[in-house]
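Participant: Given next are the chains, with one letter for each unit.
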Amino acid sequence: MAIEPELKGYLEGIRYRLRLNPAAEKEIVRELYTHIEDRAQELKEAGLSQAEATKSATERFGRPEAIATEIYQVHSKGNWRAALLAAMPHLLIALLFALYLWHNSSWVVAVLISMLAISAYGWRHGRPSWFHTWLGYALVPIFIATLLSLYALGRALFYLLAGSGPETNLWILLAIFAYLPLSLWLLVSSITGVIRRDWLYGSLMALPLPAVACWLFALYRDGSLFESSEQYLQDQAPWVALSFFALAIGAATFIRLKQRLFKGGMLLTAEFLILIIVACADPSLLSSPVLVVAGLLLVTFLFSPALLEHKIKHGERDVWIDAGLGRWSEGGQVG
Amino acid sequence: MRYDRELLKGSTDSLLLSLINRQPMYGYQIIKELERRSKGYFTFREGTLYPALHRLEKKGLVIGKWERLASGQERRYYNITEKGKHALKEKVTEWRGFSKAVNSIMLPESP
Chain A
5 MAIEPELKGY LEGIRYRLRL NPAAEKEIVR ELYTHIEDRA QELKEAGLSQ AEATKSATER
65 FGRPEAIATE IYQVHSKGNW RAALLAAMPH LLIALLFALY LWHNSSWVVA VLISMLAISA
125 YGWRHGRPSW FHTWLGYALV PIFIATLLSL YALGRALFYL LAGSGPETNL WILLAIFAYL
185 PLSLWLLVSS ITGVIRRDWL YGSLMALPLP AVACWLFALY RDGSLFESSE QYLQDQAPWV
245 ALSFFALAIG AATFIRLKQR LFKGGMLLTA EFLILIIVAC ADPSLLSSPV LVVAGLLLVT
305 FLFSPALLEH KIKHGERDVW IDAGLGRWSE GGQVG
Chain B
2 MRYDRELLKG STDSLLLSLI NRQPMYGYQI IKELERRSKG YFTFREGTLY PALHRLEKKG
62 LVIGKWERLA SGQERRYYNI TEKGKHALKE KVTEWRGFSK AVNSIMLPES P
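Top line first, the protein sequences correspond to chains A and B.
Residue numbering for the first sequence follows my numbering, beginning at 5 and increasing consecutively.
Residue numbering for the second sequence follows my numbering, beginning at 2 and increasing consecutively.
Isolated chain B (complex conformation) (with noise of 0.2 Å):
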């Protein structure tokens, strides 16, 4: 199903920090959630999640740390930071108002 990418430009920084709040992840591994919980809606331009990252460290909201992996390589795990969480908390509420105050409207049958 195709969508605006606008709409999901938007989440961008909850979706992150939703999916790193369960656990620390690289950035591959973060794509491949992504596209597994969605079942393949959000198909991200690989590249573009780096900036969305690292905007994300900058305001402190998460914490990138080089790990080696069983494997013997090495990746970058993002943390979430107590900011982090407190933002996400704040950005859940309001999108369960958001998406409700949507659907009022949009969707006005639905229960």
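Isolated chain A, as found in the complex (with noise of 0.2 Å):
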């Protein structure tokens, strides 16, 4: 039996607010539809039409909007394994430099192939709320990597149209071909995914980001990126690892929290006191009007998701209807 577009359109309302992860979705509005089904048919015993029964069922169930916030609130709150685990990679960024670990690149290498392989975990085991933390920072070095191939294809071509300058070698430029494509499709899938589910995932994840900013801009500022660095971080490094400790105490506060404004504020709240803890390590490198800009800017980039999340979600109601209510109204199982 065909699934009337009012109630496709009335159970995608509940899942589009769920933001849980697909599979859970699935079996939610699966036995909400059941429940309908079940109300719609006795409606139409007792001498309804199908359409007037399915509206009336529907109306009986209550507003969407609340149901699937009822629900998100009982599934959205993690456990405290979940909380500490959404904390570990702060806490482990935290403790290189607590402990001065972090120029020793063996401890470097072992804690980034750490993030990457719990991170893959993480994707291959129903991306749970925790590991969006580790893939934020999995993300990074690959990030960073895209970035410079970006700029050495792009000086590759200034000589080329030039005419002069050094010599590319062609090995290096066929591996950047290589990896461009694979490195963006990651990104690109890896946050569209993540946003697809829910946005405030996304800012989770991105949460280190503004932290690595600001102390980029701090040793940007101090004019020594690429010469005196390991000075200037051996000497702020108690406040790194401070700021870092701050992101996983936020981690694990937002996982532990029902309210999505609450989980909301308190990404901006762990924000706001790496700025304030960046302003206190250094007091002259942020004046005022710095300080007010980079407000704005940690604002704007951490709740950037949620409009993009919109753009996402945009015409996809179709595809997944079809996949799944369809074969739940002919009797079949979801896998």
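Be aware that a few hints might be false.
Said to hold, decoys possible - Looking from chain A toward chain B, a few residues come up when the C-beta cut is under 8 Å (computed):
#1 His39
#2 Phe65
#3 Gly66
#4 Val78
#5 His79
Unchecked claim - In silico DSBU-like links for lysine-lysine, alpha-carbon gap of 35 Å or less:
#6 A/Lys81 with A/Lys317
#7 B/Lys90 with A/Lys315
#8 A/Lys30 with B/Lys101
#9 A/Lys59 with B/Lys66
#10 B/Lys92 with B/Lys66
#11 A/Lys30 with B/Lys84
#12 B/Lys10 with B/Lys86
#13 A/Lys48 with A/Lys262
#14 B/Lys86 with A/Lys315
To be verified - From the derived model, a few chain B residues whose C-beta atoms are all more than 10 Å from chain A:
#15 Leu16
#16 Leu20
#17 Glu34
#18 Glu47
#19 Arg77
#20 Leu89
#21 Val93
#22 Ser105
#23 Leu108
FYI, nobody ran anything at the bench for these hints, they're computed from the structure.
Keep in mind that this is a model prediction, so the values were computed, not measured.
Where is the CB? At the ideal position from N, CA and C, for every residue including glycine.
Put the two chains together into one complex; each comes in its own frame, and the hints tell you how they fit.
Facilitator: Structure below.
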């Protein structure tokens, strides 16, 4: 039996707001669908037409927004284990600086590999809420390598057009051509995959980027981005550790909160804490106009995934319903 | 008869556990059973049943499982767990004490 467009729209209205992992969303919407199906059947047997029965059944069921919000709040609050796991990558970075291990390449590589491995594990195991903080860090080296590849490519192109400059190694160019599509695909599919589920996870994932940007800005202002950055970081290591510790607390609290408003507020608080910590570390660094601009940029950056989510989710409705509801209405199982 | 919905809200978990304790049930069946046993007194907004059921499941008091009906359709049945039985026992004791105390004040002439 075909599902009526009104019922499809109603269930999609719930699914859109659930913001859980896709498997959980399907399971929940399928359960709600069976309830409405039973009620509509009963009303039809009482003499109502198919359309009237469905309309009445959905009205009795309640507003999609309210139902989805209540279900979201049941599932959105993670346990303490999930909170600790979400805080862990920030704590690892904090420890690298607190114990002055950040210039020891073995430790840095070990942390990096653990982040990549745990992100891959989380992606393959239902993308639990805690995995987003690991994914954020795992994407940073890929992102930086992509930027460097683009820079090298641009430079080679410039020399080629100018007809002068150092000769470019063909093998390096070939490696860049092989790497760029792969890295761009990985970055875009990871980011859109996360934001498609819930833009708040996109913001959680991006949480360390403003911290990294703040400290890079600090190094740049010092005029020592490449010259004496080691000494600067050595001096500021306790503050850097403190800033990542603040992120760890922010991420753990985010996982433990139920309501979206508070979750968003927590991310914002963590980012402003970073600004305050950087300002305390080097008071001359952040004059008040810079502080205001940095604050505005942080807010824009943190909530930009919300705009992307709307764009990404738009137009997905029919594909999702055909893949799920269509099969359930025929009594089939959802894999 | 009208009643304050907050009163029902506070007792939802106990009511659901009591019903599921008698036999495994799916959502629509629970709604019908609540209406039948309360003789139409309790009328849930049906969609709000599921957050309550999922909350119980998250606490480990019930467990949901898809089962096939004779008609070939599938429904998600909720079964009570040992932890749920224990919680229900406590809730029943709590309710007995609470209702007795409220009755003794609000209905002092009742036996």
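Participant: Against each hint, give a clear statement of whether it holds in the structure.
Facilitator: Hint-by-hint comparison with the structure:
1. His39: Result: holds, 5 Å to nearest chain B Cβ.
2. Phe65: 4 Å, holds
3. Gly66: 4 Å, holds
4. Val78: 5 Å, holds
5. His79: 7 Å, holds
6. A/Lys81 with A/Lys317: Status holds; Cα separation ~23 Å.
7. B/Lys90 with A/Lys315: 50 Å, violated
8. A/Lys30 with B/Lys101: 45 Å, violated
9. A/Lys59 with B/Lys66: Holds, because 28 Å separates the two Cα atoms, which is no more than 35 Å.
10. B/Lys92 with B/Lys66: 25 Å, holds
11. A/Lys30 with B/Lys84: With a Cα-Cα distance of about 27 Å, the restraint between A/Lys30 and B/Lys84 holds, given a limit of 35 Å.
12. B/Lys10 with B/Lys86: The hint holds at about 20 Å.
13. A/Lys48 with A/Lys262: 39 Å, violated
14. B/Lys86 with A/Lys315: This hinted pair is violated, its Cα atoms lying about 47 Å apart.
15. Leu16: 17 Å, holds
16. Leu20: At about 15 Å from chain A, B/Leu20 clears the 10 Å cut-off, so the statement holds.
17. Glu34: 13 Å, holds
18. Glu47: 5 Å, violated
19. Arg77: Violated: least Cβ distance 5 Å, not greater than 10 Å.
20. Leu89: About 20 Å separates B/Leu89 from the closest Cβ of chain A, which puts it past 10 Å; holds.
21. Val93: 24 Å, holds
22. Ser105: The assertion about B/Ser105 holds, with a minimum of 35 Å to chain A.
23. Leu108: 34 Å, holds
Taken one by one, the earlier hints fail for this structure at numbers 7, 8, 13, 14, 18 and 19, listed in ascending order.
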